[in-house]
Each structure stands twice: as structure tokens, then as C-alpha cells.
Amino acid sequence: MMPFDRLVRAMDEWARENPQVPVEIQIGRGRYEPRHARCVRLIPVVEYRARVAAASLFVAHAGMGSIIAAIEAGKPLLMLPRLQAEGEHNTDHQLATARSIGARPGLHIAADAADLKRQASALLSDSGAPPAPIARFADSGFTNRIRTFIEAA
Amino acid sequence: MPPPKRILAIASGGGHFVQLLRLRPAWQGHDVTYATVHAASASDVAPARLLTFRDVSRADWWRLPLALWDIAGILLRVRPQVIITTGALPPLLALALARPFGVRTLWVDSIANSEVLSGSGRHAAKVATQVITQWRDLAISPVDHWGSVL
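As given, the protein sequences belong to chains W and D, one line each in that order.
For the first sequence, the working numbering assigns the number 3 to the initial residue and increments by one for each residue that follows.
For the second sequence, the working numbering assigns the number 6 to the initial residue and increments by one for each residue that follows.
Just so you know, these hints were derived from the structure itself, not from any lab.
Built from N, CA and C at the ideal position, the CB exists for glycine as well.
Errors might be hidden in some of the hints.
[Unchecked claim] Derived DEER-like restraints, expressed as beta-carbon distance ranges:
{"hint": "1", "chain 1": "W", "residue 1": "N20", "chain 2": "D", "residue 2": "R54", "range": "43 to 53 Å"}
{"hint": "2", "chain 1": "D", "residue 1": "W74", "chain 2": "W", "residue 2": "S123", "range": "44 to 54 Å"}
{"hint": "3", "chain 1": "D", "residue 1": "R59", "chain 2": "W", "residue 2": "G108", "range": "29 to 39 Å"}
[Unchecked claim] Facing chain D, according to a computed beta carbon distance under 7 Å, are these residues of chain W, among others:
{"hint": "4", "residue": "H38"}
{"hint": "5", "residue": "V42"}
{"hint": "6", "residue": "I45"}
{"hint": "7", "residue": "V47"}
{"hint": "8", "residue": "V48"}
{"hint": "9", "residue": "G65"}
{"hint": "10", "residue": "M66"}
{"hint": "11", "residue": "H95"}
{"hint": "12", "residue": "T99"}
{"hint": "13", "residue": "D141"}
{"hint": "14", "residue": "R147"}
{"hint": "15", "residue": "R149"}
{"hint": "16", "residue": "T150"}
{"hint": "17", "residue": "E153"}
Pulled out of the complex, with its shape left as it was, chain W reads as follows (with noise of 0.2 Å):
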């Protein structure tokens, strides 16, 4: 994944602003170290599954897996997604993203790095309501033509 400083950054001033809550951020590849938030290349999966869960709130750029991850946790989600213009991904598709799954209950979008830090003070002190919760698989009539097109093989 490419970095995404612009994120990282908004959320290092955010936990600089806000030092009695603590902040944790994956930054990946980034190049942006965070000064006043605890920073983490990499959280292998399960444990990164079980943060979600366990944090008042969850932050991302406007990916499914993010998307995904909040949603079976039941957790309300604010997103900011890269860009293109900005280095931040190989198209504009997250813009899509959150114009067409952004909508559901429980998920944020934010415009930009301001309005990022504004929300994530407004939804800390009242997250709303969560994502509706989902079965763990995906319809039964879609992956049984998936097993249907398997089995012609």
C-alpha cells in the first residue's frame, strides 16, 4: 500500500491536541513519523481486527478492508480517501468508494485533513450509531453461482 502521510499527519495533530487520548496509527510505508501518537508499521491481521474492536473510534483512508473490518466489528468508522493528485493511490476509486458505501450508517467521510480532526472530536463525544451488522459471508445466491461456475470445470 502506498503511504498516506496526509492521514497520518492529521491524526498526529489530532492526539497532540487531544494528549488524554491515546492514539495509535499504522503508517505503513509512510515517510510522516507521528510525534504525539504511538506509530506501527504493520498490525498483523488478527491483532489488527482486535484493535478495531477494542478503540472508541477507527480512522482510515476509505478502503474495503477497512470498510469491511468495520462493519463485522459493528464499529463506527471515519475515512479519508487518497488521492490521487496527492501520491496517495494509482487512481481516484476511494472517492467512488465513499460516494457508493460511505453512505451506510456508521460510516464518515471526511473532505479533508481539517475536517478529518473536526469530526474525529465530534464522533469521539458521540459516535452515533454503529453499522448495521452483517452475516460473516456474503449472500448465499452469489456464492452459489460462484460454486456453480467452480463445479462446470
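Fit chain D to the given chain W structure using the hints.
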């Protein structure tokens, strides 16, 4: 119950792999091997086997030979009859490499691509047996829509 097929279920990390996991009932009872970029994902699929490959994307295209090497090794080990993928670039290589061997391949374009098919998905249309989108509006022949992971 037909005899079990050898299946390779392959996806890059993050959202691609999470979407693949949500499709698991589709191949329950078959002989499945998973492949992704993080070895830690093994705990998600145990007792099924999980192999790993080195990731590559358009942003770090120079890693392509590493990914190609890993993907070729995975295909030789698994010798799949069917490949199912939810993207992205390395699984596209798997579909392209498997094509001359008559492997049945399905590209499930990520649900993230709600307005246009992914770049890899457009290429997959040339090499996969079938490409499906998770958005009804993007299902323009030969790309089909069978449902979505959410």
C-alpha cells in the same frame, strides 16, 4: 456431490483478501489453497493451506519479476483446475499464466470499484474465463453481475 476440484483462491492484501474470505462458502467441500501477501493471514483460513507472494502494483512496477516468480511457483505447486480472485495485479498474472493450460478462472472485481471497472479487471476481461463486477450498473457484456460481498 461432484468430485472436489483443486482451487486456488488468490488475492492481494487488505480489502482484496477480506472480500475473498467473504466468498468462502462458494468452494466449501472443494480442495482449496489460498494465496495472498501476508503469511499472518494463514490464521484466517486454517486448516486450509496458505501460500504467499510478493506484492506489486503500478506504483512499484519494478517488483513485477519477483511477483511473477512467486505466482508461477504457486501455480506449479497447486496445479489448480479453478482460480478465483478478488484482485489485484499479482492475481491477474496468475490468470494470464494459467490461461494456456485451460484453467477455469473467475475475476471478481473489487466492490471498491463502484463507478468504473478496475484497471486490472479490464485486463482480466481478456484472459479470464469470466469477469464479474459487484455493481449492477457496471455489468456490460462480457462482464456480468452475480451479487456482492456486502
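Okay, the hints, checked on the actual structure:
1. W:N20 to D:R54: 43 to 53 Å: This hint holds: roughly 45 Å between Cβ atoms.
2. D:W74 to W:S123: 44 to 54 Å: 48 Å, holds
3. D:R59 to W:G108: 29 to 39 Å: 35 Å, holds
4. H38: Cβ of H38 of chain W sits 26 Å from chain D, so the hint is violated.
5. V42: 14 Å, violated
6. I45: 9 Å, violated
7. V47: 5 Å, holds
8. V48: V48 of chain W check passes; min Cβ-Cβ to chain D is 6 Å, inside 7 Å.
9. G65: With a minimum Cβ separation of about 5 Å from chain D (threshold 7 Å), the hint on G65 of chain W holds.
10. M66: 3 Å, holds
11. H95: 6 Å, holds
12. T99: 5 Å, holds
13. D141: Nearest chain D Cβ about 5 Å off; hint holds.
14. R147: 4 Å, holds
15. R149: It holds, given that the least Cβ distance between R149 of chain W and chain D is near 5 Å, below 7 Å.
16. T150: 9 Å, violated
17. E153: This interface hint holds because 5 Å falls under the 7 Å limit.
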